[in-house]
Amino acid sequence: MSLVYALAIAVQMGCGVYLLLSRHVVRIVLGVVLLSAATNLLIFVAGGLVFTAPPVIVQGTQTLGAEAANPLPQALILTAIVIGFALVAFAAALVLKTYRAVGSVLTSGHTDAEALGSPFDAEATRNA
Amino acid sequence: MSFEWSILMALAGAAIARPAATYLGSRTGWVMALVPFLIFLSLFQHLGTVAGGETVIAHLSWVPSLGVDLAFRLDGFSLLFALLITGIGTLVTLYAGAYFADKPHWEIGRFLALILLFMTAMLGTVLSDDLIVMFVFWELTSLTSFMLIGFDAHKAEARKSAIQSLLVTGGGGLVLFAGILIIGMELGTFSFTEVLARSDELVASPWIGVVVVLIMIGAFTKSAQFPFHFWLPNAMAAPTPASAYLHSATMVKLGVFLLARFDAVFAEVPAFGATLVVIGSTTMMIAALQALRAEGFKAVLAQSTVASLGILVMLIGLQGEVAAVATVGFILSHALYKAALFFCAGTAIHATGEASLRKLGGLARFLPVTAVAAVLASLSMAGLPPFVGFISKEYLFEAQLTNDWNIVPVAVAVAVNAVMVGVAGVVSIRPFYFKSHRVTSVKHGETPGLLAGPLLLASGGILIGLFPNAIGQSLIGPAASALYGSPIDVSFQLWHGLTPMLVLSFAVVAIGTAIVIYWDAIHTYLRQQDGLYRLLGDRGYHRVLDGVLGAARGSTRLLQNGDQRRYTSVVIATVVIGLAIALVAGPAAISIASPEGALRISLVLVLLLTAAGALATVKARSLIAGLVCVGIVGFALAVIFMLNGAPDLALTQIAVETLLVILLTAVLLRLPARQKHSRTTSERRRDALLATCFGGVIFIAVASMSAIPIDLRLSDYFGETSYLDAYGRNVVNVILVDYRAIDTLGEIAVVAFATIAAWALLRGSAARPGPKE
Chain W
1 MSLVYALAIA VQMGCGVYLL LSRHVVRIVL GVVLLSAATN LLIFVAGGLV
51 FTAPPVIVQG TQTLGAEAAN PLPQALILTA IVIGFALVAF AAALVLKTYR
101 AVGSVLTSGH TDAEALGSPF DAEATRNA
Chain P
1 MSFEWSILMA LAGAAIARPA ATYLGSRTGW VMALVPFLIF LSLFQHLGTV
51 AGGETVIAHL SWVPSLGVDL AFRLDGFSLL FALLITGIGT LVTLYAGAYF
101 ADKPHWEIGR FLALILLFMT AMLGTVLSDD LIVMFVFWEL TSLTSFMLIG
151 FDAHKAEARK SAIQSLLVTG GGGLVLFAGI LIIGMELGTF SFTEVLARSD
201 ELVASPWIGV VVVLIMIGAF TKSAQFPFHF WLPNAMAAPT PASAYLHSAT
251 MVKLGVFLLA RFDAVFAEVP AFGATLVVIG STTMMIAALQ ALRAEGFKAV
301 LAQSTVASLG ILVMLIGLQG EVAAVATVGF ILSHALYKAA LFFCAGTAIH
351 ATGEASLRKL GGLARFLPVT AVAAVLASLS MAGLPPFVGF ISKEYLFEAQ
401 LTNDWNIVPV AVAVAVNAVM VGVAGVVSIR PFYFKSHRVT SVKHGETPGL
451 LAGPLLLASG GILIGLFPNA IGQSLIGPAA SALYGSPIDV SFQLWHGLTP
501 MLVLSFAVVA IGTAIVIYWD AIHTYLRQQD GLYRLLGDRG YHRVLDGVLG
551 AARGSTRLLQ NGDQRRYTSV VIATVVIGLA IALVAGPAAI SIASPEGALR
601 ISLVLVLLLT AAGALATVKA RSLIAGLVCV GIVGFALAVI FMLNGAPDLA
651 LTQIAVETLL VILLTAVLLR LPARQKHSRT TSERRRDALL ATCFGGVIFI
701 AVASMSAIPI DLRLSDYFGE TSYLDAYGRN VVNVILVDYR AIDTLGEIAV
751 VAFATIAAWA LLRGSAARPG PKE
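Chains as they are written, first to last, in the numbering used here: chain W, 1 to 128; chain P, 1 to 773.
No lab work stands behind these hints: they were computed from the structure.
Pairs of lysine-lysine, DSBU-like flavour, derived with a Cα cap of 35 Å:
#1 P/Lys443 to P/Lys359
#2 P/Lys103 to P/Lys443
#3 P/Lys676 to W/Lys97
#4 P/Lys155 to P/Lys359
#5 P/Lys359 to P/Lys160
#6 P/Lys619 to W/Lys97
From a predicted model like this one, the values you see are computed outputs, not experimental measurements.
The shape of chain W in the complex, shown without the other chains:
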């Protein structure tokens, strides 16, 4: 079973990286989404997937039963999902703003920082 998990994670991550390398900003964002989903799954798998009962303490007992799933990775992933969403939402806003300001959705069109040139030539550029 672990090999299937490993395969799924690896394919998702590989696809995420391929998208991340694109010059299209939306595809970069999609790559980030895939990568964070795959990472969540990786954490999930790392916690060991032996038991499938939800980690809830049954009424009448005071400790978690032996059959319950590992609660720790779940807590970590819950945080990660929300933060991943915040990241993508911000990235989407940035994409929109950049497109409106620069008029391009390709990173090759976002050259304002490079167009500043060397700081040592600043005087010459300003005079030109």
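With chain W fixed as given, assemble chain P onto it according to the hints.
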């Protein structure tokens, strides 16, 4: 007053120099010279104590946790240096006041502030007992000399020379620092006194070779020894008062000071003395050749300074009492005559605006007193009786002859000293008495400030020569004893009788006179030897510097070319390589064959769906289709969570995924729908390869990870205590809001910040005009 306060006094002087100059105007030099003079006097009081062979130690705790103390040490040797630093510092301050008389007053203030700061650093270096404290002051001398050499910052030449000297001496300082740290590691102390006392322990340590080499490099860079001899002549770009101070009395002698200090520690290291003799002799020869070749008044003096430093390094390499006395005597006599000659050169150059020796002549008519001072100083430099230079040269030869070295160093010393005689003759006679038609007018005459320095120093040279015993008992004896490590009975005499040394002196003077007479011919011949010059000059330095700058430019162009894709590729490739190395070299075994556990068909299908969704995202040409595929992956993930006992995760994932799809669709609607490939075919192929490598490494890592038993202690702890301590039955929720509450707060803060940032980005932008294109 205790002697360590002299450093603080000098610092205070540096602080007030600039404001004082605004009030005092042209009198600044005379008033500010009181600062070094008072320090000189206060140090002078210790002469009696130190002459008795006593070593005064002052102690202030500074960084006790690191074993670093503000410890200062005054013995005969450091007192000699401190007196030279403050004595010549007084004259330099005086001279600078007059030298800058035609400049704005604030410029005098700026210069004097730097000079006094430099003096502070120098005093600190020679008086420190703690090696770390000494290193701090040592680097401070590099920094202040950088500022002094680059004082005329509007001149490209000055800036270049300043950077060169900083790179060489500052870099050498770092090497020295490494040596000091190793000493501290080996002996557990940074106190020089203790290092000296436990030198046999240090010599027995396996690190001794490294320590010796590191300290020698530090000293050689500072004292411009081969192969670092090139920076000092270039440092002549400094204003002449600074040159006189930096290159005669003080800074360049720090390397000599350091070597002399450690001579007692390293005495048992076999190659130490021999290396010093070889390096010193090499430097002497190179500098002598360069001195004959140099054109500028100051350049000739600078090259002869390098030669003198070579002599000192060689003398430290020699063993015995005589060598110690010769070292100390030569330090003193060289400081006196070289500072005087620099002052004279400065006056001549400043008055005529002409720096080349070949264009100067007949200046004695306009600058008579300077000319006399120059002649007196150069007679001492030439080593003629009754000047102190004669005595120190006799000791130099005696030190060589009493050591069992072969004849080569002696021959080198004779040749180099002959060149010194030649230089002395050339710099004193030619510009002042020769070819009187060359200079017909000067911009200004002599002023008291310009004369005080050279006259005092030059007459000091003859006075010490005539009455050597007074200074021999009180200053040279204690200094040589401190250097030698045990008391020496010094008889610093003018007349030694008919000795082999006297014969050598005669030879030196004879050859030197010939050099003076044939200087033009020798000079012209040497100037034609370009190959020689290239070999001896600073070409190596420029090669290294250009190489470093070129590498920096190249790597910047390679790594920071403005293409986001390349940056990402570099990061991804690094991660892949790092992971691969960790997998291969790490403690856990690589295992991709762990098929334990039954396959759950439903789960396998959903997992394959995530993989298919991811692949489809890549394939999809339309952004909306890509978004849909990403959504599929997300919802499939929620199902995986559901099937493995994580309903909370599944719920959150579904909610977030829904929001995400809505949000991204809203954004996509505002972007151009058409999508061409943003990468060329070969770029896509390369990226696919990189992505496959990344996926492959991840696959192996995850598969291997599954084979490692899981540490469940923390999970068990949460499971056992959730209800009892936190009264919650849903363990995941308890972890989030109780055990890791601060993390959850951070998570909420991230969401809040993202919201604020997105709002700030998009607010009002709809009202703005559309895209430029």
